[in-house]
Amino acid sequence: MVITVENLVKDYGSARVLDIETLQLNSGINVILGSNGSGKSTLISLISGLLKPSSGNILYNGKKFDASIRNNISVLVQKPYLFRKSSYENIISGLKYRKVNRDEIETRVDKHLHYLDVEDLLNKKSHWLSGGERAKIALLRTVVLETEVTMLDEPTAAMDIESTFKAEVLLRDMASNKRTVIVVTHDVFQARRIADYVLFMDKGKIIEMGLKNDVLDNPRSTLLKQILNK
Amino acid sequence: MFEFIKEFFTNYSDIYPVIALSLRVSLTAALVASLFGLTLGVITALHEFKLKKPLMRVTNTLMSLPPVLIGLLVYMLISRKGPLGSYGLLFSPSAMIIAQCALVFPIIFGLTVSSVSEAAKDIELTCITLGAGRRDTILTILSECRMQLLSVVTAGFGRAISEVGAVMMVGGNIRGKTRVMTTYIALETGKGNFEEAVFIGFVLLFISFIINITLYRIQRRE
Chain H
1 MVITVENLVK DYGSARVLDI ETLQLNSGIN VILGSNGSGK STLISLISGL
51 LKPSSGNILY NGKKFDASIR NNISVLVQKP YLFRKSSYEN IISGLKYRKV
101 NRDEIETRVD KHLHYLDVED LLNKKSHWLS GGERAKIALL RTVVLETEVT
151 MLDEPTAAMD IESTFKAEVL LRDMASNKRT VIVVTHDVFQ ARRIADYVLF
201 MDKGKIIEMG LKNDVLDNPR STLLKQILNK
Chain R
231 MFEFIKEFFT NYSDIYPVIA LSLRVSLTAA LVASLFGLTL GVITALHEFK
281 LKKPLMRVTN TLMSLPPVLI GLLVYMLISR KGPLGSYGLL FSPSAMIIAQ
331 CALVFPIIFG LTVSSVSEAA KDIELTCITL GAGRRDTILT ILSECRMQLL
381 SVVTAGFGRA ISEVGAVMMV GGNIRGKTRV MTTYIALETG KGNFEEAVFI
431 GFVLLFISFI INITLYRIQR RE
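Residue numbers (the working numbering), protein chains in the order written: chain H, 1 to 230; chain R, 231 to 452.
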C-alpha cells in the first residue's frame, strides 16, 4: 500500500507538533528517525487513524481513511499494554477481535513464533514476563495480524541485541512480501540494517527522506550529519 | 455455642425468610446497579467531555447521600399519588430494590470511573490498534480491570445489605413480606430483644466475612 501525505498539520492548542508538506511511504521498510519530540510517534498515530489531523490529507492507495483501510493497518504503540492473560492469548487477541477462524489463527501463530524464540513463554502469564519478553509478545501480537501496513513504534527498544537481530529478520521478511512496514527508532545502526527508505524528522518537520543509502551516506542537514558523525 | 445457634434457629424459624429476602433484595439491587454502573463508568472513564467534572462532582455528592433522603424520594415516586403510583410498588420488595439501586448506583459508577480511568485508556488504545470494535473494547476493559471492579461491586453490595433507613421507609418492615435483617435488628432493638438483634447482627457480619474471604481468594488466584 502506498501512503501519501499532503499538507499534514497537527496542533495541540497553539503548539504545532507536526507540519509535513508532502510525504510518500511505499512498500518495504520505512524507518522514521529523529530525536525525542520530533513528531515521529505523532506521525504514525495520524497515519494509523489513532489521531485526527488539524488539517491536511492522508491517502491510502489514493483513498481516504475508512473501515476497510483501518482493517489493513496495525500499530504497535511505544508502551504496549499486555492483557492479563497468557502470552499465547495475548498473541492471538487481535486475530480474535478480527474474527479470524481457529485454523487460520494456528497457522499464523506457527508461522511467526520461531522468529523470536518465544515457544517457552506461551503459557506464561503476561505479568510474569520481563520487559524484553513483553516486547517480543507485543511485536508478535501485531505481526500475526498480517496487515498491508504495519507501524511499529520503537519495537525493539526493550530487547537485547540477539532478540533485536531476530526481530529485524522478522521485519525484513514482512517487507519482502510487498507489505508496507513503518518503523520508528532512535537507532541509526538499526536504520542502516533494516531500512529501504529513511525519513529524518526534527521539530515536527521532515528534514530528509529518501532511499536509505542516499540519506544515511550523504546527509545534507547539519543535525543528521552530527548524529551520523559525518 | 453450637447448641445456642441450633436452638435459636429452631425457636426463631421466621428468621430464614428474613435472611433470604435480605440477600435477594441486596443482590438484585447490586446486580442491577452494577450492570449500569460498570458499563457507564467505563464509558465515562474513556471519554473526555465538557460536563465530566461537574458530573463527577454530582456523583461524589450522591455517593454520600443520606439513605433516608433516597427513601423519601423513592417513596414520593412510588406512593399512590406519585408518578409511578399506579404500579403498586410501595411496601414491596421491588420498592426496596429500587431504593437500594438508587443508593448503590452512584457508588458503583463513581468508584468505577476513578478505579479504571488510567488503565482503561491504555487498554482502549491497545484494543483499537488490534482492530477491536467498541463492544469488544468495553468488554476487554471490564475483563482486564475485573479485580478492581469486583471490589467496587462488593462495596456496592455491602452498602446495600447494611442499609436500613430507605428500605424501612419504602418497604415498611412488614413481617413475612418486606422484613430484612437490618429492619429486623431495628425492630427487635426497639422492643428490647437484644439477643435476637445481636444474633442477626452476627449473621450480617458473617455474610460480610464470607464475601471478603471469597474476594481475597479470587485475588490470590489471579
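In short, the hints are calculated from the structure, not lab data.
Note that the structure is predicted; figures quoted are calculated from it, not measured.
Backbone N, C-alpha and C fix where the C-beta goes; we use that ideal spot for every residue, glycine too.
Treat each hint with caution, since some may be false.
Claimed, not checked - Example chain R residues on the side facing chain H (calculated, C-beta under 8 Å, incomplete): (1) 257; (2) 276; (3) 277; (4) 278; (5) 348; (6) 355; (7) 358; (8) 361; (9) 374; (10) 378; (11) 395.
Stated by the list, open to error - Below, a list of computed lysine-lysine pairs in the DSSO-like style, where the Cα atoms sit at most 30 Å apart: (12) R:236 with H:52; (13) H:52 with H:125; (14) H:52 with R:407; (15) R:351 with H:52; (16) H:79 with R:311; (17) R:280 with H:99; (18) H:79 with H:166.
Stated by the list, open to error - FRET-style restraints, in silico, Cβ to Cβ: (19) H:85 with R:253: 46 to 52 Å; (20) R:380 with H:99: 26 to 32 Å; (21) H:66 with R:443: 48 to 54 Å; (22) R:270 with H:125: 28 to 34 Å; (23) R:286 with H:120: 54 to 60 Å; (24) H:26 with R:262: 25 to 31 Å; (25) R:416 with H:125: 43 to 49 Å; (26) R:279 with H:177: 30 to 36 Å; (27) R:291 with H:22: 41 to 47 Å; (28) H:123 with R:282: 48 to 54 Å; (29) H:123 with R:449: 20 to 26 Å; (30) R:270 with H:172: 43 to 49 Å; (31) R:314 with H:6: 54 to 60 Å; (32) H:172 with R:282: 33 to 39 Å.
Going through the earlier hints one by one, which of them does the structure break, listed in rising order? 1, 2, 3, 4, 5, 10, 11, 12, 13, 14, 16, 17, 19, 23, 24, 26, 27, 28 and 32
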